Amino acid sequence: MDTTSTVERVSATGIISDTIRTNFLNADYGIKSWLLTKDHKRIAILYLISITVFFMIGGAFAAMIRMELITPEADVFTSEAYNKVFTTHGIMMVFFFLIPSIPATLGNFLVPVMVGARDLAFPRINLLSWYIYVIGGLFTLTALVLGGVDTGWTFYTPYSSTYSNGYVMLTGIGIFITGFSSILTGLNFIVTVHKMRAPGLGWFRLPLFVWANYAASLIMVLGTPVVAIGIVMIALERGLGLGIFDPRLGGDPVLFQHIFWFYSHPAVYIMILPGMGVVSEIMACFSRRHIFGYKFIAFSSLGIAIIGFLVWGHHMFVSGQSSYAGIVFSLFTFIVAVPSAIKVFNWTATMHKGRIVYSTPMMYALGFIGLFLVGGLTGLFCASLGVDIHIHDTYFIVAHFHYVMVGGSVMAYLGGIHFWWPKMTGRMYPEGWGRFSALLVFVGFNLTFFPQFIAGYLGMPRRYHVYPPEFQIYNVLSSGGALVLGIGFMIPLIYLFWSLKYGEKAGPNPWRAAGLEWETTSPPPTFNFDYQPVVDHEPYNYSEIDARSSATVSTHSVQEEQHV
Amino acid sequence: MSDAAHNSLVAHQFDDARQQQEAATVGMWTFLITEIMFFGGLILAYMIYRNQFAESFHAASRVLDVWVGCFNTCVLLVSSLTMALGVRAAQMGDRKKLVLFIIATMIFGAAFLGVKAYEYAEKFEHHLVPGPTFHFHGVPGHEHAPNAEIFFSLYFAMTGVHALHMIVGLGLMTWLLRKSIKGTFSKDYYNPVEICGLYWHFVDIVWIFLYPLLYLIDRS
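Listed in order, the protein sequences are those of chains A and B.
Its first residue numbered 1, the first sequence is counted upward by one per residue in my numbering.
Its first residue numbered 565, the second sequence is counted upward by one per residue in my numbering.
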């Protein structure tokens, strides 16, 4: 293994000596060593940079939306331009930020380390997935520069296939291509978890983060091809004149909605499941307790992945689908709330009688629970057939899914970034600023989206930029909140950059956390471990860790023992 | 670490050849599942419209030449046989036979695409390609098909996507051919041949579904 350079011992207190150690960051230098890397950790960093760029583009478009909506009149955009703005916001955030966010960055970095492997099963495919992602993104950005697309991120036919004048084809190709990056990431995770686990690491010793990513991978692998073929059908219809959704020929535009939501609803679980995995890790670590109900949390991830495939019709209650279908979809939507609730109860129980540390990751995780709870419970409103007729296509829906996607996924993503930042970079972020920005994000988020529940319930429709003046107060609150939220997102961006150079050195395990990733050095060497990790204990053994004064947990290797 | 035991054919992330082989095989099966879902979207559309426009589908299907389709099915099945024999040859470490069978597989695959191209050309000639010039005449006794254009939209989408997979398959075969001529594969290392074979058989099986769905409706 790659330890020919200075190998120094990590002392029992976890303080690392100043000797420069070979890790994945300094193993090689130069742009080529990054762009041609097969190291999953470097690919994770590449993903981290690129999704941050897309997040900022999506965020800029969100800012434009909130700016336009401050007054009831059309001040900044024409109707068509506004359509393009919210479409771009949706496409950027959903396809280029939320779906790859946790799996492609934290998952890519951590899954192999957590299972004690040297890399993912297919490193070259992993790099390929990043290139595919970037190429897809470039297609979509090109469409944006040329004039944008105005169909909404949902591409409903026949508008997208026949009438829209935007760059539907180019955007569609971009999303189609990006879909393959998601499929390849999922495939890599599935094979890695099945075939590359370290000796002793049985399925029920896996960290829940791995379970959550595994469940999300199942959705990526099973769902993404379906939306891909849906986009192919639109492209064939627009480009070659084939008529699969064309009502003139007898085709059914609603069929596209079915195909689209068959993926795009489970896609919501691609976004939230890895977030739930992150929260499980953080909860256990900062409550200093074994996670409550390990198997329940693990199986509820799979439960969400499976039941999540049976609920897509709840997006289509008013599309004219059969009301019997509506009843079934409504029922399944209520059922899918059960595994999510199981998780929330288990996290709460984990905190019960724990010694809670209010670190930045924990604050994000607590924020996640609160916001996800609101998002999840309002989801039940939306799942009720009668209520949904009233709130369909209003700001109530917008608020609901932002509570799940931003309040859930983004909070978990930020929590995870902070939690594993010392592992990824070897440096600590400034804790005070971290807590401050976590609080700011929480407050800003609620200020932005809670008023939208009210506006929506009172009847303000989504996707309009001109609205009756009585809704102005809610929109002003919301836009003000968006500003706070924006600042809350900018602060971590600044101090995380700052910490790369000035942050305190982290040491292998600054949180005294359980899990294989904390046993290797920070940042880890190219092949993750200098020895073959062997697991001989249960996960989340926090009581044992705290009982011992040592920061390292009890996995070992023959080689290690020889060194000691 | 067992680096010393690593031979050049086992990638660094794997412990041994066995783990590598198992991972590659699981990976290919997972990929094939995504492919099933990919074609699944089209087959769903087919099922719905065939149910809705049964008469049109019956009439439109009669226009397709069942014997040309049958011939192509046979060609593809034989290519699967040569592929399977190729995998067997790789397992036995018989390089000459492996090269031979890969070439045979490529010839049959190309023949399939050639026949498909001929069929497409014929559709263009008879204005059966969806779009402004589409005009359906039908065959005697089966002229009435108001929704024939949907059938042909699906025909082109399904066979087109299938043909694309065949082209990718030929690309994989070219890669395998180069490697086997160079003598990369042996009794101990034949996994790429095996998993490319899985892909080839999968594309074959898709056609086994497409042929009756498109050509053999109501032929009794």
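No wet-lab data here; the hints were simulated from the structure.
Among the clues, some could well be false.
[Unchecked claim] Capping the alpha-carbon separation at 27 Å, the derived lysine-lysine pairs in DSS-like fashion look like this:
{"no.": "1", "chain 1": "B", "residue 1": "746", "chain 2": "A", "residue 2": "38"}
{"no.": "2", "chain 1": "A", "residue 1": "501", "chain 2": "A", "residue 2": "32"}
{"no.": "3", "chain 1": "B", "residue 1": "746", "chain 2": "B", "residue 2": "687"}
{"no.": "4", "chain 1": "A", "residue 1": "38", "chain 2": "B", "residue 2": "661"}
{"no.": "5", "chain 1": "A", "residue 1": "38", "chain 2": "A", "residue 2": "295"}
{"no.": "6", "chain 1": "A", "residue 1": "195", "chain 2": "B", "residue 2": "751"}
Keep in mind the model is a prediction, meaning the values are calculated, not measured.
Hint-by-hint comparison with the structure:
no. : hint           : verdict
1   : B:746 to A:38  : holds, 25 Å
2   : A:501 to A:32  : holds, 22 Å
3   : B:746 to B:687 : violated, 42 Å
4   : A:38 to B:661  : violated, 35 Å
5   : A:38 to A:295  : violated, 34 Å
6   : A:195 to B:751 : holds, 23 Å
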